[in-house]
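Model the placement of chain B with the ligand on the given structure of chain A, informed by the hints.
Protein sequences appear in the order of chains A and B.
In terms of the working numbering, the first sequence opens at residue 1 and continues consecutively.
In terms of the working numbering, the second sequence opens at residue 380 and continues consecutively.
Treat the hints as calculated values from the structure; they're not laboratory data.
Do not take every clue at face value.
As the list claims (entries may be wrong) - Each computed DMTMM-like pair below joins lysine to aspartate or glutamate, with the alpha-carbon atoms no more than 20 Å apart:
1. B:Lys626 to B:Asp576
2. B:Lys391 to A:Glu57
3. B:Lys616 to A:Glu57
4. A:Lys236 to B:Asp447
5. B:Lys653 to A:Glu48
6. B:Lys627 to B:Glu609
7. B:Lys653 to A:Glu203
8. B:Lys645 to A:Glu203
9. B:Lys645 to A:Glu49
10. B:Lys653 to A:Glu40
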Amino acid sequence: MEGPQAVLLQGNEAVARGALYAGMSFFAGYPITPSTEIAELLSGLLPEEGGVFIQMEDEIASLGACLGASLAGAKAMTATSGPGFSLMQELIGFGSGAEIPVVIVDVMRLGPSTGVPTSPSQGDVMQARWGTHGDHPIIALTADSVAECFEMTVRAFNFSELYRVPVILLIDEIIGHLREKVTLPAAGELAVKNRAAPEMPPEWYEPYAGASNGVPPMSALGGGYRHNVTGLLHDKMGLPTSDPEVIRASTDRLFDKMRRGFGDICLTEEYLCDDAETILISYGSPARSAREAVDALRAEGMKAGLLKLKTLWPFPRAALERFAGKAQRMVVCEMNRGQVYRETLRVGRGRWEVGKVLAPYGELFTPEKIARAVRGGGK
Amino acid sequence: MNTLPNRLILQKYLRHNVHFPHIWCPGCGNGIFLGALLRAIERTGYHRDQIVLVGGIGCIGRATSYVDFNTVHTAHGRALPFATGIKAANPALKVIAIMGDGDAVAIGGNHLIHACRRNIDVTALVVNNFNYGMTGGQMSPTTPEGARTPTSPGGSIEEPFHIADLAACAGASFSARATTFHVREMESLIFKALSRDGFSMVEVISSCPAHYGANNGAKTPVEMMRWQKEYSVPVDKAAALSPEERKKMIITGIIAEREVPGWTEKYRATLDGKREK
Ligand code: SF4
Numbered sequence: 001m002e003g004p005q006a007v008l009l010q011g012n013e014a015v016a017r018g019a020l021y022a023g024m025s026f027f028a029g030y031p032i033t034p035s036t037e038i039a040e041l042l043s044g045l046l047p048e049e050g051g052v053f054i055q056m057e058d059e060i061a062s063l064g065a066c067l068g069a070s071l072a073g074a075k076a077m078t079a080t081s082g083p084g085f086s087l088m089q090e091l092i093g094f095g096s097g098a099e100i101p102v103v104i105v106d107v108m109r110l111g112p113s114t115g116v117p118t119s120p121s122q123g124d125v126m127q128a129r130w131g132t133h134g135d136h137p138i139i140a141l142t143a144d145s146v147a148e149c150f151e152m153t154v155r156a157f158n159f160s161e162l163y164r165v166p167v168i169l170l171i172d173e174i175i176g177h178l179r180e181k182v183t184l185p186a187a188g189e190l191a192v193k194n195r196a197a198p199e200m201p202p203e204w205y206e207p208y209a210g211a212s213n214g215v216p217p218m219s220a221l222g223g224g225y226r227h228n229v230t231g232l233l234h235d236k237m238g239l240p241t242s243d244p245e246v247i248r249a250s251t252d253r254l255f256d257k258m259r260r261g262f263g264d265i266c267l268t269e270e271y272l273c274d275d276a277e278t279i280l281i282s283y284g285s286p287a288r289s290a291r292e293a294v295d296a297l298r299a300e301g302m303k304a305g306l307l308k309l310k311t312l313w314p315f316p317r318a319a320l321e322r323f324a325g326k327a328q329r330m331v332v333c334e335m336n337r338g339q340v341y342r343e344t345l346r347v348g349r350g351r352w353e354v355g356k357v358l359a360p361y362g363e364l365f366t367p368e369k370i371a372r373a374v375r376g377g378g379k
Numbered sequence: 380m381n382t383l384p385n386r387l388i389l390q391k392y393l394r395h396n397v398h399f400p401h402i403w404c405p406g407c408g409n410g411i412f413l414g415a416l417l418r419a420i421e422r423t424g425y426h427r428d429q430i431v432l433v434g435g436i437g438c439i440g441r442a443t444s445y446v447d448f449n450t451v452h453t454a455h456g457r458a459l460p461f462a463t464g465i466k467a468a469n470p471a472l473k474v475i476a477i478m479g480d481g482d483a484v485a486i487g488g489n490h491l492i493h494a495c496r497r498n499i500d501v502t503a504l505v506v507n508n509f510n511y512g513m514t515g516g517q518m519s520p521t522t523p524e525g526a527r528t529p530t531s532p533g534g535s536i537e538e539p540f541h542i543a544d545l546a547a548c549a550g551a552s553f554s555a556r557a558t559t560f561h562v563r564e565m566e567s568l569i570f571k572a573l574s575r576d577g578f579s580m581v582e583v584i585s586s587c588p589a590h591y592g593a594n595n596g597a598k599t600p601v602e603m604m605r606w607q608k609e610y611s612v613p614v615d616k617a618a619a620l621s622p623e624e625r626k627k628m629i630i631t632g633i634i635a636e637r638e639v640p641g642w643t644e645k646y647r648a649t650l651d652g653k654r655e656k
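Excised from the complex, chain B in its bound form:
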């Protein structure tokens, strides 16, 4: 339940008086994601002093410095190690890691699977725009096969990662996928991820019209949004698709959800065990 109208939520949390204008391109999905995140945070009722936003490097990593929480803009790929240390040192904090696709599953891929396995109580939000936007649109580990980028001029020949599925396999207690077109659903999935213990992740399919779109036939932000709309299928309907069809689609909704204690709860239990001895 939102206590404020959306417009005022943005005003409440943006560092609009000290750190704007932002660096994002017109039509980028990052702003849509950030708005949804702020509304979801407002719904959780956490005080902003309790919230730590940890970001990596890349276009979306800059989100941390635009918002008035405790914010830590780390090194490329390293948001999750920092977030793990913060959460383990002070479990009272709500720790949110914001990463891009290159950040989370290329250079930070090892950290991601271990954060999932460890089930550290961090909410990871991975904004997947299928390329390295900040450096000019190069191929990333999520670039679809065949897609053209400055480092795959003839079309990528590699299989992409599906981030939310990767997290589910690696042991995350909650893993979901949303798009910047389905903005209400994205907000509610982020809210769900924030509302639970253990490692929770939402992969947000986003648009980078400046590079990915421009290189792959979607010349305008609107065309990219239309693509998100047409190629999305909810998880329950996706079950009926063939593996070949699934590969082409964005499967949205909750991919995995398990009731297992998070790392901080288990660690606390071992401390209590030692004290009782």
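Looking at chain A on its own, in the form it has when it is part of the complex:
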């Protein structure tokens, strides 16, 4: 293949291709609508590249196998939807605590429970943040186009490798199944990052002592740096402890390493926001309708803009705070009953009015619906 080529691709397919671009060599999964195309495509492509595709007995096993493969040095991914994502929560906590890079794709469908298998939703935003028990760091990204599915999958791997944290890619069913013409990046066009490996002699290695950026270098199992990995809270050698002082040092570091990365991790895009008095906040497929709504409102003379969230967790607070004292109103457009809406209220602390346009019934957002709500003050 010479040079970049335009191809017609589905969002789910772009995720699979983005993962390969990022250097993924291991995929474990369990079939579930509407994410199954990712597994189907990788079952053919991964072996061709010498990687491993394995279908496990359930979603718990899928994430367990991915975490094991990552400990063995592979870049690993699994893909699922709400019901499977619920099952994965247990081991998302393990990955966060034991600092194991892994990418989990959740192509969201309407819930709760089995819900509506092929109706779109963005109902898993809070679950991505708080689904597993205990305080823990997490990164969650999203995408609103096929091209962005590719880009954000590469970023998901980069973040998980750089920060040693599970990264969740939340895609709604519309984007997962959408087909668009895209030009895939050529090799080398997007940065691809790899976890830092220890350089000290093995007897000096402290597997859970943070480097200057708070992230410990990671040695693959079998690489000569024998150590213990555990879901128990542990000291810098990876050995279990219940000493509050040791726990303070090791768990504070988990949050510090993320805090230092906020500027790098929290990705947003602004559209006509500079002079905007009303800012729509949206992500995933609703962001596309919101953008059209902004055009319609501007044509009517309203100073409207769009702040599109590409990162959901850590919540991109700084991107909203830029508008404190400038925009009077934020209107959140999302396919749930107000999960980012509440976060916008929390961050705003009364500094702006917060409205919402919601589509929690598995229906699509039309730009007209958004424009109408914004004109009417936004509920």
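Positioned in the frame of chain A, the structure of chain B with the ligand alone reads:
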């Protein structure tokens, strides 16, 4: 063939300088099992860097953090999914999963039968003490019918699983049963399991004097060992027993052994097939 005397084998592999004392009760079978495992590993000749010990949650799950290999102490019931990912990602590693009975056949039961069926090249060692020791001795899927535990105060009314037989039915390429009383036999069965491809399992009948014994009339570790001795019968002699008699006995030795390629070998073959095309 051991290259070191037993005492030095323990010294060689225990993280005695960083992670002791251990949490196990006096008279527990876990230490006997761990000693046998370390001797069997020494006999295989694997370098410790090549060995990955993956454990679940429970008293025996803690074994992983006591020994100086690559060790992964996972979540309850999930040792085998982790072990599967590790082995599939790097087939050069020797992957050993250590689980208890609740770990392996209750919460992890689905993973166990699928690891057997898949024939993934992992050696699973299930230390069966018939109860959940770490949480105080509650009934487990291997608690014998009639046995009393804090959650079966009137005696269990359920049929127990026989783990090594379950593994054999589910497709494991090697499945055996040993006891902590027959420690030489246990060591040699673990060595056999470690020396082959595909999914291999040794179920180790162990004693939990703190709970199972205390609740069921075996007040001392010695009484529990005596029970293991008196109720064990080798697999060839067991054939003559009636089904009712078999139910009461611990049938030791190799339960199933088949020469079938393991998952990693078959996967490698499909990769080579794709390259040739
Ligand atoms: S509770 Fe039972 S199994 Fe656990 S360490 Fe004590 S004796 Fe051993």
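Pair hint lysine 645 of chain B and glutamate 49 of chain A, alpha-carbon separation not exceeding 20 Å: The given pair, whose Cα atoms are some 17 Å apart, holds under the 20 Å limit.
Are the Cα positions of lysine 626 of chain B and aspartate 576 of chain B separated by 20 Å at most? Violated, at roughly 31 Å.
Just to be careful, I want the Cα atoms of lysine 391 of chain B and glutamate 57 of chain A compared with a cutoff of 20 Å; is the pair within it? violated, 38 Å
Holds or violated: lysine 645 of chain B and glutamate 203 of chain A, Cα atoms, limit 20 Å. violated, 37 Å
Hinted pair lysine 627 of chain B and glutamate 609 of chain B, Cα distance within 20 Å: Roughly 11 Å separates the two Cα atoms, so the pair holds.
Take a quick look at whether lysine 653 of chain B and glutamate 48 of chain A sit within 20 Å of each other, Cα to Cα. Holds, at about 6 Å.
If you draw a straight line from the CA of lysine 616 of chain B to the CA of glutamate 57 of chain A, is it 20 Å or shorter? violated, 37 Å
Holds or violated: lysine 653 of chain B and glutamate 40 of chain A, Cα atoms, limit 20 Å. Holds. Lysine 653 of chain B to glutamate 40 of chain A sits at ~17 Å (cutoff 20 Å).
Is lysine 236 of chain A within 20 Å of aspartate 447 of chain B, Cα to Cα? Given pair lysine 236 of chain A, aspartate 447 of chain B holds - Cα atoms ~16 Å apart, limit 20 Å.
Lysine 653 of chain B and glutamate 203 of chain A were given as a pair; does the straight-line alpha-carbon distance stay at or below 20 Å? violated, 42 Å
The structure shown violates the earlier hints numbered 1, 2, 3, 7 and 8.
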